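A.B. asks: Could you put the whole structure together from the sequences, leaning on the hints where they help?
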Amino acid sequence: MQIKVNGRKIKCDPKKTLLHILRERGIEIPTLCHQEGLEPQGRCRLCVVEVDGKLITTCDNYPQEGMKILTHTDKVIKSRRINAELLMPDHMAKCMIENKHHDLCKIIADLGITEVRFDPKKKYEVDLGASVIRDDNLCVNCGRCVDVCAEVQATWAIDFARRGHKEHVTPYFEHNLNDVACTKCGQCIAACPVGAISEREHLQEVYKVLKDETKHVIVQTAPSIRASLGEEFGMKPGTIVKGKMVAALRRCGFDKVFDTNLGADMTIMEEASEFLRRVKNNECLPMVTTCCPAWIKFMEHFYHDLIPHMSTCKSPHEMLGILTKTFYAKKAGINPKDITVVSVMPCTAKKFESVRPEMKSAVDYVLTTREAARLIRHFHVDFNNLKDENFDPALGISTGAGAIFGATGGVMEAALRTAYEFATGRTLRDINFEELRGMKGIKEGKIKIKGKEIRFAAANGLKNTRELMKRKDKYHFIEIMACPGGCIGGGGQPLPFSWEKIDKRIEAIYREDSHLPIRKSHDNPIVKQIYSEFLGKPLSEKAEKLLHTKYFKRSQF
Amino acid sequence: MQILRKTDQKAYAKAKKLGPKGVVKILKDKGLTGRGGASFPTGLKWEMVLKEKEKEKYIICNADEGEPGTFKDKFILVNNPELVIEGILIAAYTIKATRAYIYLRGEYEYLENKIRNVIKKVKAKTKSKANIELIVGQGAYICGDETAIIASIEGKRGQPRKKPPFPTVHGLYGKPTIINNLETFANVPLAILFDDWDSKLTLFSLSGDVTKPGVYELPVGTNLRKLVELGKPKHKVKAVYFGCFGGCMPYSNINLTNENVCGKDCMLGAHTIIVVDEKHSIVDMATNVAKFYEFESCGKCTPCREGTMRILNILENISLLEARKRDLETLQELAEVVKETSLCGLGQTATQHLLNALKFFRKEFEEKCR
Numbered sequence: 001m002q003i004k005v006n007g008r009k010i011k012c013d014p015k016k017t018l019l020h021i022l023r024e025r026g027i028e029i030p031t032l033c034h035q036e037g038l039e040p041q042g043r044c045r046l047c048v049v050e051v052d053g054k055l056i057t058t059c060d061n062y063p064q065e066g067m068k069i070l071t072h073t074d075k076v077i078k079s080r081r082i083n084a085e086l087l088m089p090d091h092m093a094k095c096m097i098e099n100k101h102h103d104l105c106k107i108i109a110d111l112g113i114t115e116v117r118f119d120p121k122k123k124y125e126v127d128l129g130a131s132v133i134r135d136d137n138l139c140v141n142c143g144r145c146v147d148v149c150a151e152v153q154a155t156w157a158i159d160f161a162r163r164g165h166k167e168h169v170t171p172y173f174e175h176n177l178n179d180v181a182c183t184k185c186g187q188c189i190a191a192c193p194v195g196a197i198s199e200r201e202h203l204q205e206v207y208k209v210l211k212d213e214t215k216h217v218i219v220q221t222a223p224s225i226r227a228s229l230g231e232e233f234g235m236k237p238g239t240i241v242k243g244k245m246v247a248a249l250r251r252c253g254f255d256k257v258f259d260t261n262l263g264a265d266m267t268i269m270e271e272a273s274e275f276l277r278r279v280k281n282n283e284c285l286p287m288v289t290t291c292c293p294a295w296i297k298f299m300e301h302f303y304h305d306l307i308p309h310m311s312t313c314k315s316p317h318e319m320l321g322i323l324t325k326t327f328y329a330k331k332a333g334i335n336p337k338d339i340t341v342v343s344v345m346p347c348t349a350k351k352f353e354s355v356r357p358e359m360k361s362a363v364d365y366v367l368t369t370r371e372a373a374r375l376i377r378h379f380h381v382d383f384n385n386l387k388d389e390n391f392d393p394a395l396g397i398s399t400g401a402g403a404i405f406g407a408t409g410g411v412m413e414a415a416l417r418t419a420y421e422f423a424t425g426r427t428l429r430d431i432n433f434e435e436l437r438g439m440k441g442i443k444e445g446k447i448k449i450k451g452k453e454i455r456f457a458a459a460n461g462l463k464n465t466r467e468l469m470k471r472k473d474k475y476h477f478i479e480i481m482a483c484p485g486g487c488i489g490g491g492g493q494p495l496p497f498s499w500e501k502i503d504k505r506i507e508a509i510y511r512e513d514s515h516l517p518i519r520k521s522h523d524n525p526i527v528k529q530i531y532s533e534f535l536g537k538p539l540s541e542k543a544e545k546l547l548h549t550k551y552f553k554r555s556q557f
Numbered sequence: 001m002q003i004l005r006k007t008d009q010k011a012y013a014k015a016k017k018l019g020p021k022g023v024v025k026i027l028k029d030k031g032l033t034g035r036g037g038a039s040f041p042t043g044l045k046w047e048m049v050l051k052e053k054e055k056e057k058y059i060i061c062n063a064d065e066g067e068p069g070t071f072k073d074k075f076i077l078v079n080n081p082e083l084v085i086e087g088i089l090i091a092a093y094t095i096k097a098t099r100a101y102i103y104l105r106g107e108y109e110y111l112e113n114k115i116r117n118v119i120k121k122v123k124a125k126t127k128s129k130a131n132i133e134l135i136v137g138q139g140a141y142i143c144g145d146e147t148a149i150i151a152s153i154e155g156k157r158g159q160p161r162k163k164p165p166f167p168t169v170h171g172l173y174g175k176p177t178i179i180n181n182l183e184t185f186a187n188v189p190l191a192i193l194f195d196d197w198d199s200k201l202t203l204f205s206l207s208g209d210v211t212k213p214g215v216y217e218l219p220v221g222t223n224l225r226k227l228v229e230l231g232k233p234k235h236k237v238k239a240v241y242f243g244c245f246g247g248c249m250p251y252s253n254i255n256l257t258n259e260n261v262c263g264k265d266c267m268l269g270a271h272t273i274i275v276v277d278e279k280h281s282i283v284d285m286a287t288n289v290a291k292f293y294e295f296e297s298c299g300k301c302t303p304c305r306e307g308t309m310r311i312l313n314i315l316e317n318i319s320l321l322e323a324r325k326r327d328l329e330t331l332q333e334l335a336e337v338v339k340e341t342s343l344c345g346l347g348q349t350a351t352q353h354l355l356n357a358l359k360f361f362r363k364e365f366e367e368k369c370r
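Protein chains in written order, with my numbering: chain A, 1 to 557; chain B, 1 to 370.
You can trust all of the hints, since none of them are fake.
DSS-like mimics (lysine-lysine), calculated; alpha carbons at most 25 Å apart, straight line:
no. : chain 1 : residue 1 : chain 2 : residue 2
1   : B       : Lys156    : A       : Lys166
2   : A       : Lys54     : B       : Lys264
3   : B       : Lys359    : A       : Lys75
4   : B       : Lys264    : A       : Lys75
The set of hints was computed from the structure by calculation and includes no laboratory data.
If you're wondering where the values come from, they're calculated on a predicted model, not measured in any experiment.
C.D. replies: In structure tokens, the structure reads:
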């Protein structure tokens, strides 16, 4: 199909939207409500172009033979300017200086708007959730958060209420986020183009403990942080910044930098053992992984019958947290009360997890990747020019199995590497489970362990999870990650969200795995040491007490 | 009046004899067009749905008469509701639909029981098996838009979506759907049964500064002066509004056809005429209409949600004598952008009245500005 854009002939694919086609050709079209992978809604009306004297939106229109598109006529620019200006007054009144990278602020700058003729009107109360904060005053009603919550996460925690200019995004009956069935996954944050939804910041508290001389402050970083933190400092997506990250965190004043990958190795030891026990006793299969706190909350709201199927293992950072305050504290001779554990996670749900009463969490504060970057900038650390440093060896040696926790299918792959060798006593020849890798929504495979066929599956995104749960009885072992792509696409990761970035980060993580000398959790020397000196063996009484938890039923509403 | 003629359900029997294709043909031949505002040929619409290969098809009767100054549908519902039900049943027979919906305006709730009884009566007489469900709207103007009606019946937020796909292809629950205005359905049995049925005769809702407001049945193309004189205005008439969305124009000697009215940047729409005499200020009228749109905007797209609100603010400032002349420029710009970039018919027509008022009665605005 051929169309004309600004007088130039262009061949294009009739199945792609005009927006897609124009962007491919390097013509930047401003838009707020469009997000790749979501149904176009045509809400913001900024992406208009002129066709035969009429303005049409590009996000939800497709090319027609012989179409003549003009992208920058006076009419187009005028309507873009007015529509952007209409969105601006309330946003501008509250937009913080640091957040000037919002899509809207960028569009305003590109359009050259210097004066806004209207006064701010909105007076909404800020919804202070345990991990997600919504400020409707900044909101421009683009609807991306609503669409992500419905189309990707199938949770429907938020939607529009009221009409006209009183229309705003809210949980049902204008409740607070804390009081409704929200999984805290933070995908709405990743979708928001104006920063109206953000994480509950814990930076001030962290600054305070860092200043406190009596506190021994320990930071741990999740497997996926090293693959994404660099983006905050202008590096290419998929750059591994493990060494720089450790060095920067030391510069910020943390006493020790530990690796959550070790916690992941511990999780594998416990989870693989639990799985083998369940297979042996034939109890409650399939077993479902519990590393993802958003998935756990989702399950507690919508899948009560799954509670016995859930592994009882805590998530990796909780495991490492409790080991820091017990195993490490004893070895280093520090009173656990004087230890503060800060986790840097790609996740907003982990903030909620750390305040769950039954968890009695050993992790004091959870920071997202973005907050970590803010922290590093706060201390004026020149991140890009730092020399690489290593994690503190006390709890800082990890394996490739721990590294791939950050990607969807990674937990399953790591668990299978260990479970196979635990069950058979033989070495697994090919430890790469290619069928578990990649961005597919639901992945599945099978493996023979001691003559018994074990069928496993991994899902990412809660909508895919709902699909998978319809046929869960087919499987023995299921991994769920709430965010698209797993933790790598988490709600706490650098903005803006894009599928391309997620692909790059995943690639980086698997590259990291293949380069590491130890790639199976049970070969980790520190894991061995923890068991021999402290816990005994996996699923021992002490391990059950420290590393396992329980779940509750919550209301569907 | 033609619309008050009784058919005694004989049109349904005739339609059954004609067969689906015969019904479509007779509607096309007789030239029945939609009475909701767009004047789309009814026979053609039905034919499009008839040709769709889906098994399930639906019919929706749009009785969400929300346009200010429009009351012709109520007139029909009160005086000759059998006609509407018969029309719907004929449509159901034509496209083999088993389910039809009447989307009744929330304010007409008091007619609910009456309509239910009529449905029972007409169904018994025609022995049609199609179910007609009555849905009472909750008072949103936007639910007069066909895609918003569909969303509302499906139980979603009453918000419009982009067309195409049109409801004839992708309508209620994703199935081909006939959506027609109530007056259109009422004319179907008449067109089928009576040889002397006149396709030109339509209902005008006349209101505003007239002493005899009401529904007048006149042919399309009637002179505006003739119609307004029927209403016996007390004072000299200054302007007419074609409902809210049709825009306004100075009182003049034109024949009311779609083409003529469009020539004045107005729309005849559902044949609504609101008369404004010289005792009333156009600024007040514009403020009133703007208030209506500010209240009824669904909030989905930026220009309509924010623009209608800002327009109202400026107009209120003008009424309070607090605006400056340059605010009129802002007003003009806003009105143009809301018209050009809004998602649905509501937004696209929401500022037509203002653009016309600024064109024809600019002086009245300027007098109130500093």
